[in-house]
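Chemist: Chain by chain, the residues:
There are 2 protein chains.
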Amino acid sequence: MSEYTLHCFAQSGNAYKVALMLELSGADWTPQWVDFFNGATRTPEFRADVNEMGEIPVLDHAGRKLSQSGVILDYLVERLGTFGWTNDDDRREILRWVLFDNHKLTSYIATLRFLRFIMKSGETEVTKWLEGRARAALAVLDAHLDGRSFVVGETPTIADLSLCGYLFWPDEIGIELNRYPHIVRWLDRLKALPGWRHPYDLMPGHPLPAA
Amino acid sequence: MSEYTLHCFAQSGNAYKVALMLELSGADWTPQWVDFFNGATRTPEFRADVNEMGEIPVLDHAGRKLSQSGVILDYLVERLGTFGWTNDDDRREILRWVLFDNHKLTSYIATLRFLRFIMKSGETEVTKWLEGRARAALAVLDAHLDGRSFVVGETPTIADLSLCGYLFWPDEIGIELNRYPHIVRWLDRLKALPGWRHPYDLMPGHPLPAA
Numbered sequence: 001m002s003e004y005t006l007h008c009f010a011q012s013g014n015a016y017k018v019a020l021m022l023e024l025s026g027a028d029w030t031p032q033w034v035d036f037f038n039g040a041t042r043t044p045e046f047r048a049d050v051n052e053m054g055e056i057p058v059l060d061h062a063g064r065k066l067s068q069s070g071v072i073l074d075y076l077v078e079r080l081g082t083f084g085w086t087n088d089d090d091r092r093e094i095l096r097w098v099l100f101d102n103h104k105l106t107s108y109i110a111t112l113r114f115l116r117f118i119m120k121s122g123e124t125e126v127t128k129w130l131e132g133r134a135r136a137a138l139a140v141l142d143a144h145l146d147g148r149s150f151v152v153g154e155t156p157t158i159a160d161l162s163l164c165g166y167l168f169w170p171d172e173i174g175i176e177l178n179r180y181p182h183i184v185r186w187l188d189r190l191k192a193l194p195g196w197r198h199p200y201d202l203m204p205g206h207p208l209p210a211a
Numbered sequence: 001m002s003e004y005t006l007h008c009f010a011q012s013g014n015a016y017k018v019a020l021m022l023e024l025s026g027a028d029w030t031p032q033w034v035d036f037f038n039g040a041t042r043t044p045e046f047r048a049d050v051n052e053m054g055e056i057p058v059l060d061h062a063g064r065k066l067s068q069s070g071v072i073l074d075y076l077v078e079r080l081g082t083f084g085w086t087n088d089d090d091r092r093e094i095l096r097w098v099l100f101d102n103h104k105l106t107s108y109i110a111t112l113r114f115l116r117f118i119m120k121s122g123e124t125e126v127t128k129w130l131e132g133r134a135r136a137a138l139a140v141l142d143a144h145l146d147g148r149s150f151v152v153g154e155t156p157t158i159a160d161l162s163l164c165g166y167l168f169w170p171d172e173i174g175i176e177l178n179r180y181p182h183i184v185r186w187l188d189r190l191k192a193l194p195g196w197r198h199p200y201d202l203m204p205g206h207p208l209p210a211a
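First to last, the protein sequences are chains P and L.
Under full-length UniProt numbering, think of the first position of the first sequence as 1, with each following residue one higher.
Under full-length UniProt numbering, think of the first position of the second sequence as 1, with each following residue one higher.
Among the clues, some could well be false.
[Unchecked claim] Derived pair list, reagent style DSS-like, types lysine-lysine, alpha-carbon separation capped at 25 Å:
#1 K128/P - K191/L
#2 K120/P - K120/L
#3 K128/P - K128/L
[Stated by the list, open to error] Cβ-to-Cβ under 10 Å is the rule here; a few derived chain L residues that face chain P:
#4 E45
#5 H61
#6 R64
#7 S67
#8 G70
#9 V71
#10 T82
#11 N87
#12 R92
#13 R96
#14 T106
#15 T124
#16 V126
#17 R133
#18 R135
#19 R189
[Said to hold, decoys possible] Chain P regions said to be covered by chain L (calculated; three or more residues, Cβ under 8 Å):
#20 27-33
#21 92-101
#22 158-164
#23 178-188
I should point out that these hints are in silico values taken from the structure, not numbers from a laboratory.
Here a beta-carbon is modelled for each residue, glycine too, at the ideal position from N, C-alpha and C.
Build out the structure end to end from the sequences listed, making use of the hints.
Modeler: The structure is reproduced here in structure tokens:
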């Protein structure tokens, strides 16, 4: 049995944030596929035994079950000694971008992709509204990356791993990233990290069966 | 001059999370009103000098400018010694709920209130969709509070202060909280804390001028 077990599925960018951390850090880990699309995360049993929030990722480690990607990344920094900080100001700056990601970027972009790509909703008032919110967040990140190699400091941290979670799927989100050139170059830097893999190559469940 | 200056406005539940922390902790603080409704947080000057994310709250303290309510609350735990944790597992459990708040509760509920109450959007596909997301998050929180006095442990922490940020405005959100009885009783417990004040009594800018 691996040291770390990650409850996940290939289409989850939130799970990818953690999977990428484990993989790039050379951790001994195994992905455990969760049948999200048939409701597995929203059963009473899952809520009682795995995560009351009804969500993945969940990381099993040393008898702990951790949820929320931002918490798991913080935990793994401590365990693995990778993608972290060297002082408290950097720790807070990293947390600031992890919170921005959760509140303003992933919150809208993941949902936009879900509606467009998974639910095949077509263009609606909701997708139009979500795209506006997502573009506002992308513009903030793009401006921040102007003149920077990574989000905080000179090396990649969990802030980068969190913010990039959904951004290797621009076609599925339906937002052309060329308008955000600093983001494009930053994603290229992340792809060049030794061991980088696309979410569909890192977690099980791709492709989705035909509906 | 006060020790802490909080850039804020009365209608911001995200600013309220920090204002309430400062007030309940007896900190020496002053609110500094930001003219959000006339775009003050989105000017190039604000982004350059105060917060590149174009958002409040921002806390000025000892030469630092901190943003993202979750970061500021973490910082204030360290400075003030209040509403924090006694061990690392509790610290992570608190962070888990702060992230849930940002990603799943405030992200949708604050926006729903903004559309309905500030923008007078009326009922649209977007408000309907946001209400569904907000109700899913409220149900998770309500179930968690069943049998608990506070979100983590036996005393209030920054997890409570974060999650309650918008919930003293049910009328403005347009969601009747009676369906979430554990949330109602928890909010009553927070209101009973010595020094508690409603957001409109704690920060400047209420009421809004007539449009």
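Chemist: Determine for every hint whether it applies to the structure shown.
Modeler: Structure-based check of all given hints:
no., hint, in the structure
1, K128/P - K191/L, "39 Å, violated"
2, K120/P - K120/L, "30 Å, violated"
3, K128/P - K128/L, "14 Å, holds"
4, E45, "14 Å, violated"
5, H61, "12 Å, violated"
6, R64, "8 Å, holds"
7, S67, "6 Å, holds"
8, G70, "5 Å, holds"
9, V71, "5 Å, holds"
10, T82, "18 Å, violated"
11, N87, "13 Å, violated"
12, R92, "5 Å, holds"
13, R96, "5 Å, holds"
14, T106, "7 Å, holds"
15, T124, "6 Å, holds"
16, V126, "5 Å, holds"
17, R133, "8 Å, holds"
18, R135, "13 Å, violated"
19, R189, "20 Å, violated"
20, 27-33, "violated (count 0)"
21, 92-101, "holds (count 6)"
22, 158-164, "violated (count 0)"
23, 178-188, "violated (count 0)"
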